[in-house]
Amino acid sequence: MTDKYTAFVNGGFGKSLAKKLGLPQPAKLRRFKAGQALVSGPVLVVGSGSDADAVATYLLDGAGSSESIDVRRQAVEPSGSKWAAIVVVLTQVTAPGDLSEPILALGSQLRSVASSGRVIFVTRPAAAGLSPAVAAARNGAIGAMRSLAKELRAGATANAISITDDSAATSPSALSALRFFLSSRSAFVDGQIVAVSSEAGQVPESWAAPLAGKVAVVTGAAQGIGAAIAETLARDGATVVAVDVPAAGESLSKVANRIKGTALQLDITVPDAGAQIIEHAVARHGGIDIVVHNAGITRDKLLANMDNAKWDSVIAVNIESQLRINEALLASEHFTNAPRIVSLTSTSGIAGNRGQTNYGASKAGVIAMVASTSPLLAERGGTANAVAPGFIETKMTAKIPFATREVARRLNSLQQGGQPVDVAETIAFLASPASGGISGVTVRVCGQNMVGA
Amino acid sequence: MSVLTPANRPSRVVELPSVPGLTALYGKAVLPSPHDIAGAVSSKLPFGKSAVPTVEASTLRLPDVTYLVRGVKGEPSHIVDYQRLLGEPVSDVLPAGYVHVLGFPVAMALMVSAEFPLPVMGMVHLRNSVSVARTIRTGEQLNILAWAQNMTGHAKGTSVELVVEAYADEEVVWRGVSTYLAKGKYLVGRGDESGQIDRAEFSAPLPTGRWQLGGSIGRQYAAVSGDRNPIHMSALTAKAFGFPRAIAHGMYTAARALSEAGRMRPDAYEWTVEFAKPVLLPGKVDVSIRGDAGVGGTGAVTYAGWNGKSGKVHFTGKITPLG
Amino acid sequence: MAVSPEKAPTTAQSSTVQSPTLKDAVIVGGNRIPFAKAGTKYADASNQEMFTAALEGLVARFGLQGETIGEVVGGSVLKHSRDFNLIRECVLGSSLSPATPAFDLQQACATGLEAFITVSNKIRLGQIDSAIAGGTDTVSDAPIAVSDGLRKALLKASHAKSLGQRVKAFASIRPADFSPATPRTDEPRTGLSMGEHQAITSAKWGISREAQDEIALNSHVNLAAKYDEGFFNDLVTPFKGLAADQNMRADSTAEKLGSLKTVFGNSLSAPATMTAGNSTPLSDGASTVLVSTREWAAQRNLPVLARFVDAQTAAVDFVHGHEGLLMAPAHAVPVLLKRNGLTLDDIDFFEIHEAFASTVLTTLAAWEDEEYCRTELGLDGALGTVDRARLNVAGSSLAAGHPFAATGARIIATAAKLVSQKAAETGKPARALISVCAAGGLGATAIIESAH
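Residue numbers (our numbering), protein chains in the order written: chain A, 1 to 453; chain B, 1001 to 1323; chain C, 2001 to 2452.
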């Protein structure tokens, strides 16, 4: 979907006009293309201590690849270039006072952050049982990050990785999250915290194809976000089973053929949908490693006017089918090797939305479902997570009336709607073998939307 | 030996140098004066006027003469046109219907001659019977004999048979007998024969085919047969003779049935047809063309054509093996 | 009892090349686009677009992207002259490897089944290890030719060497020559439409209107039930917004069917019985079926639904009314059964193409008629009775529609899935008999059986 406004204000005349009128100036976001370097300029690692050193060393070593990354520890403006990213390692703060030095050092470099630059806070969770001062410092870091995300311009984002105390700052999932936030794959993820809760996860042989050898199932894959997910997972090396209702078969087969996967026409609300999915994936591709519950519908109506059909169909497709399929997956001997479940939820499930009681119920249900499914998968090295897209430019959102759409699309820190691929990249990140320590969480892909923030 | 033996015919033979042109003959036929016609026709004869005895039209006798044209054969491209129109295979087999086309002008010349007692214009073709002794090839030179016989009283007028025999050397290879009715001319008294298939008795069998005859089929058959009788050419010219629209040539329908009998036709056979209600053009004709082949079968082919809607019969006929 | 494949002779002398042992040709699955009523959903779709869509759905279902298939064989009955290499063009426009050979084949309504038989035989002989058979037809985008007169004039003009000759050629064009020649569905040798022919056959066999309507009703009910249970989820891929066969009427009733006017046989002396409800509608559509050796399927982790057992074609002399135009399958089936040591009782599914409801009924009646079976089929007595509960259980052409060349692969893929399901349920081999009648007095029949 094209955002004509963003294109306009990025042109010469439009740019100066928008500036003069004080109109929003959404930047053209850098997005990932195969072969793209992790970062396109120098990276500043701020903070002191062993974790900061470890992170800097990891980056200096190419972040697990053969790339050479210009890593600096001094908060001095790089000459002739801008910071591609600033990583602020705050894992070892013990009191709010410890924040000032690293965060002000960060502040001194903000004018030198490149377009689509990255600010990444590496922190530890303010978990119960900590001393009040430690907790305050840790949560203070998050607070600073959220506000900073709203100050950044030109497509730059700020996010945080919150690593549980008993996991190393360079545990597989911490690195997976670090790489995700550094890269342009996280273009539309802003102001978010990704919690790393264990050292589980397997760093891939090649970060260029982190899903190589994996079999992924994507429901609702015929178009929009689902198609982008299927394409992204395939690009990352997975063999994809593209699932959608039989009626969507024409576009589904096009997706499957583009990514050299297989098309499975299936109504996911039928009782044996899980069995059919497993049967297809195992028989045809020898296993099932990743399941992305993307299929979803909306049947908007104010609750006062809601009927059974509208309520029940949304619940059936958006949450009940996921529960039933997950049950089959958990019972299957084939879904045991570090499996991944990623569900699509929505900011409506977090913040609510007028006319979407049914949808909100289903999507809030999904958020809790992945949290409760997560421990059930832990012993097999598996994870369950959710991704909550904000305003994404799709055929569905293109149907929203212009004014409403224009407001909705600007109502975030990046002042624009996201692309389906932004959701897909986040899912690929969560589905990656390296992300085994990230489970039960919901990651928003919303450009730090004001709604539900 | 031929399965056909020469028929009785008037022994006096008048030889024509070539097959007369039918258009000219039709021109004569619509002219009022029989004397002019006789003169015109006889002028074409090699023996001069004296060769054809002048017979008064009122003598009620058929001309006691056999016309002869030697060395007749069709133009190859004309034969192909005929074969294509009738659905006969394009080959060196001369269709039996084509021999009729070759011989018809000779018979016509006789009918428009002065001594022929009946008016040619408006004559109705009642039935036709053709005997084929063997397969005739396209290159064969045929000697065509034509004479008239059996003038008979009929319920609706007077009927007469025109016989054409085709010889290859000394052998009769083809004989056609066409029975025409001069309506309203009771020259030899009123006969009993209705001359037509009893329509009440005809009950349509299950069809084996349906002909969709276009409005131009009359003109197309006229082009390959030379028979440009106005009743076949257009609705306008047909109306002048009392038909609501142009009508198909009877011999077209019979020859098409013969053609569609295809491989059911033996080498030597008799091919008959009785005409009933004319086929108006354009029009559809339901047809049944069935063979009695197999064990105990006669090998004969029976055919009929009728109007599928009204059930009224257009023609019936038979192809029977000879010899 | 499983029918064992015949073995090739193995007595070749040492100096001759040894013939390979016959292999099993197995049906992996199929794909078709839903069949549309002529002139509606696919009105602007060409045969090439439809067959490519069916092919792409098959590729997507079985992950055949970039695969070099042994051969893709199919055809269409109403075909543009520009489509001289129709199936090859479809392959080139698909996600298959461009190195996949293809050829066009045509046997009227039996095109699809004949394509399947052809590729199955090649697979059995070891000439290819995989194939896609199918067909496509559109009545909506049927070729319309210029009249013979115009065509001849144009050809003459294009061959003309001088301006004068060209002018002369064009001058020969008459106004009537500009009326186009549309394709005819009439039998060329009889001028009767297929419906009229079948009306004659129905009259001969005394098939009642009620019996025909019952066949039609069952077709709709059975097809709709199978759609409901998801049977077609892996057999059909939507096209141009159509997700299921457009002609299907799940709410059809005997009363509704009984109220329709007769359209064929109205001029026969016997009462007319054939309506638009118990005759197939003109339709557009395309279908494919994937066939291979067991090894090829196993190497690609593809399912095996059924194996090709044997096939038989026949033709009848319908031109002079000796036999009904669409009765050839009645002749082929006894030969096919006998060669394989089978009887009608050994068949679990009868897939008899419903060109017309009465085609099915006259075929069944013929097999039950002792005299007919003796004199026409050369049998000792009646062939037998077909158990109606086994007849077209997933619906057939009356409900699904009948885009001529697309019907064969529709039936094969459906039957393959039926026998596979039945075998899985019962643990015993299941068998289907497929019978397709065709214009020109032709008929093609085949037997497939479950492959486990």
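Just so you know, these hints were derived from the structure itself, not from any lab.
Hints should not be assumed to be uniformly reliable.
Only pairs whose alpha carbons sit at most 20 Å apart, straight line, appear in this in silico PhoX-like list of lysine-lysine [as the list claims (entries may be wrong)]:
1. 1156(B) - 1183(B)
2. 2079(C) - 2226(C)
3. 2422(C) - 254(A)
4. 395(A) - 2226(C)
5. 2256(C) - 2240(C)
6. 1284(B) - 1309(B)
7. 1309(B) - 2261(C)
8. 1277(B) - 1312(B)
9. 1309(B) - 1277(B)
Every value quoted in this text rests on a predicted model; they were computed, and no experiment measured them.
Outcome of the hint check:
1. Pair hint residue 1156(B) plus residue 1183(B) holds up; C-alpha atoms about 6 Å apart against a cutoff of 20 Å.
2. Of the supplied pair hints, the one linking residue 2079(C) and residue 2226(C) is violated, its CA atoms being roughly 32 Å apart against a limit of 20 Å.
3. With a C-alpha separation of about 32 Å, the suggested pairing of residue 2422(C) with residue 254(A) is violated against the 20 Å cut-off.
4. For the given pair, residue 395(A) sits about 32 Å from residue 2226(C) by alpha-carbon distance, which is inconsistent with the 20 Å threshold.
5. Our distance criterion of 20 Å between C-alpha atoms is broken by residue 2256(C) and residue 2240(C), whose separation comes to about 29 Å.
6. Proposed proximity of residue 1284(B) and residue 1309(B) is supported: the alpha carbons are some 9 Å apart, at most 20 Å.
7. Using a Cα cut-off of 20 Å, the hinted pair residue 1309(B) and residue 2261(C) holds, with the two alpha carbons roughly 17 Å apart.
8. A C-alpha spacing of about 7 Å is found between residue 1277(B) and residue 1312(B), which places the hinted pair at or below 20 Å, so the restraint holds.
9. Taking the CA atoms of residue 1309(B) and residue 1277(B), the gap is near 14 Å; set against the 20 Å cutoff, the hint holds.
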